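Let the sequences and hints guide you as you build the complete structure.
There are 2 protein chains.
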Amino acid sequence: MRLIDEIRLDKTNTKYLYLQLFDELKKLIESNNIKPHTKLPTIRYLADKLNVNSSTIVNAYNQLEAKGYIYKKIGSGTFVQDVSSKEVKELILDEETNMNMDNLRLDVDANNDEKIINFASTAPMPDLFPIDDFKIVLNEVLDRDKGRAFMYQESQGYLALRKAICNYLISFNINTSESNIHIISGAQQGIDILSKALIEYGNVVFTENPTYTGAIAVFKSRSARIVEIPINKDGIDLIDLEYKLRSFKPKFIYVMPNFQNPTGYSYTITKMKKLIELADKYNFYIIEDDYISDLNSIAQPRNTLKSLDTVDKVIYIKSFSKIFMPGLRLAFMIIPKTIYNEVISAKHISDISTSSLIQRAFHLYLEKKIWQKHIEQVNTIYTKRYNTIIKSIKKHMPKQIKYILPQGGLNFWFSLPSGYSANELYKLCYKYQITIAPGSLFDVWQRDTRHFRLSIASIHNDEIDTGIAKLGQIIAYFLKNNQKDPIAVDLYNNLF
Amino acid sequence: MRLIDEIRLDKTNTKYLYLQLFDELKKLIESNNIKPHTKLPTIRYLADKLNVNSSTIVNAYNQLEAKGYIYKKIGSGTFVQDVSSKEVKELILDEETNMNMDNLRLDVDANNDEKIINFASTAPMPDLFPIDDFKIVLNEVLDRDKGRAFMYQESQGYLALRKAICNYLISFNINTSESNIHIISGAQQGIDILSKALIEYGNVVFTENPTYTGAIAVFKSRSARIVEIPINKDGIDLIDLEYKLRSFKPKFIYVMPNFQNPTGYSYTITKMKKLIELADKYNFYIIEDDYISDLNSIAQPRNTLKSLDTVDKVIYIKSFSKIFMPGLRLAFMIIPKTIYNEVISAKHISDISTSSLIQRAFHLYLEKKIWQKHIEQVNTIYTKRYNTIIKSIKKHMPKQIKYILPQGGLNFWFSLPSGYSANELYKLCYKYQITIAPGSLFDVWQRDTRHFRLSIASIHNDEIDTGIAKLGQIIAYFLKNNQKDPIAVDLYNNLF
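Note that the protein sequences, when read in sequence, are chains A and B.
Going by our numbering, the first sequence opens with residue 925, and the numbers climb by one from there.
Going by our numbering, the second sequence opens with residue 925, and the numbers climb by one from there.
These aren't lab readings, by the way, just hints derived from the structure by calculation.
All of these numbers come straight from a predicted model, not from anything done at the bench.
You may find that some hints are simply not true.
Note: identical chains are not told apart, hence a pair may lie in one copy or across any two.
EDC-like mimics (lysine to aspartate or glutamate), calculated; alpha carbons at most 16 Å apart, straight line [stated by the list, open to error]:
(1) K1087 x E1102
(2) K1197 x E1166
(3) K1315 x E1387
(4) K1394 x E1064
Set out below in structure tokens:
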């Protein structure tokens, strides 16, 4: 703390005071003069000390957080980030898109990328995309609608598509009307729009932890205060949730109740119902990101929160990316009537409307039932991979590695013994041409953890067993030769 | 003020205090118990009076502003909105897309929409869209790239398209590299992304007034404080600008230097250079929204701020919507190197990436020079309409109506005599099946004004003269029979 006390700001300088403070703190952190996970002084303390307005401190801290130098834990304070893992953080944004996953190699040097076995990416492989079918519907739309296919579409979305989606939802026990459906340019945009519509400066938002950090980045960009709730094998930790509901008034909670990303866990129906009860009792919305419930390798049909929602508190987001074609940028939301106006305005200021052509083509695709055919094909392929990896995991994974196998989806979540660093394991795997997704990519605070995710989205069935066998060997070697790292974090309350 | 002093908040109620206050103030405003344009008490005064935290007042005021009940004028305070014009405001968002322009009828009842002459919309008519050409390039991409056309694209945009855009820009005297080009899903998204990247809570942003209120809505959604600078016939009022630069430190100024929307005015090259000098001197960015400089009915080529930018302070946004096909949702930005990282992150959290298929198709469209051919065709058509309307305006517009004719573009801006309400004129016109765009749609504070805009984007050449003749008659009648409304606002410092 002494070094911070020595900071002086120059009020005669034309440079903003908060930027001066930002630079000073950045220097101290980068030079390791303030150690990782050190608690920073409170805003009031530092404002008094430096004789500046508290907003100067707030702005400097926000900037430092945005750049990955510090992290905030609500109720606990502000802490210095471990900047040695900063490169990992900078790549988090790319994780879902797999654009630069190979940059994650950090200080590892690897020469031949071509043989890499990719258990890290969740992006589907293009050989699964129904290009020929989609080309037919695209051309049909162009011939039928001509210029109208390129006019602005209503911000809420193409009416015929909204109706077709309502019909499609009936088989999922979701009964809603087209007036509640909103078409968006992908699930990520849905999260962004909802944040615009619902979050004001300083509002509290709850999320599962670990979770999809593309959502966290949006909440932070709206200056929300994020409160994490741990997830267990049967869904979110309701005791922790209700405890925190007594202290905070969240605008919403962001959850993935089916095949949660990254854990693959699913909520029991009892937990789903209880969560909705709590939303009603404590008056908050639930954002249900249903990115993948269609992919159900074990036969019983999945429930969704929305199908159980009798109080109109669930905001349902469904993307077509993960099981269809990510580059389409198409998804939809079901929106409670209470927030209709806010959502329409937020969509409008975001990009006015989603591509009219793509909406019209996808409408035909749904209407002609080509979609169903596609889902069945994809499910067959993924189920095969699912069965293969389950068998391989049981066969090759060292016994010190703990896991709970999901009933479907694309993701599998593992825990190293206490104290081992998944970031370090990642580096070792990369050296041997295997990519895994370390838990830091899914932690709300991007801390290094002892957990990692494997995905079967970007890997061919015949690579799986070889890949897992090799991974098993690498892990065995890793556990033997790596010292425990006391910083690696547990994301659970005693799950194992 | 007495009524406000009577407000009491119930701290034992589970309802948020700020929502209680919001409801109380809303009631007072809706019931007309607080008159339009009344100044509200300061945050500190009300916080003391109600014995609550100042953030309660801030949140309530923000909410009231978002819902259109109040408006803030920086440096002056917070004022009650004229809620009788609230319906007009609610339709502002639809103005650019022309989706619900006909809802703007307010209390006017009209039966037969079909014969409406539309001078209000700036959306191009679908009969100008090059559907057949675009269909060819779309199919070429599908055959060539197959599944790759539907994978995630890099957040920055498809590299080949970025390169083609650099080549295209050379003829506009803009020399830049593909690493500075960012592909976005329309200009509106560009404004949204820049706001995410640059605006923090409470930052100041400068804009022209009148302006494109789709931009204002974004700045407000990021809780920016907006300072308006009047625009004159030769560009922004530099004296006013520099005066305000001494009091405020804006993050950026948002401008349309060519054929400004709604006025049609263009900056002189001297003003352009001076603006860039000021940006350098006072250290702020300039967002140049170049929505239409290609449409140049009077032959001399247009300058852009970006082509004159030697200090890398200009952020250039170019949409293809207004002159191509709005439903494509495609635009690009040129980004100063200093904000590269912020912009990439903001794009990523907004929608990950813009449609890969559309980017690839548009790349071929540019590469094969079909784009040039299209621009030339469109320019011929618009120039014809431009010449027609200029002639009609001179012939039919009552002499009390003031205007300065632009050298190109699609928009023409008129002023009623002092004190007359353009909202009222709008209603009268609508009754006679003509739509115009009243100035309130472009005012930063959505106030009723004495100005209105006519556009030639959505009207056929052969309707123009009849339309303007009829409009001239309506205006003559209006001026004779309508009392002056002292509330209607002047958007200029003595332009006429």
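Against the structure, the hints come out as follows:
no.: 1; hint: K1087 x E1102; verdict: within (5 Å within a copy, 41 Å between copies)
no.: 2; hint: K1197 x E1166; verdict: within (14 Å within a copy, 60 Å between copies)
no.: 3; hint: K1315 x E1387; verdict: within (13 Å within a copy, 73 Å between copies)
no.: 4; hint: K1394 x E1064; verdict: neither (48 Å within a copy, 42 Å between copies)
The structure shown violates just one earlier hint, number 4.
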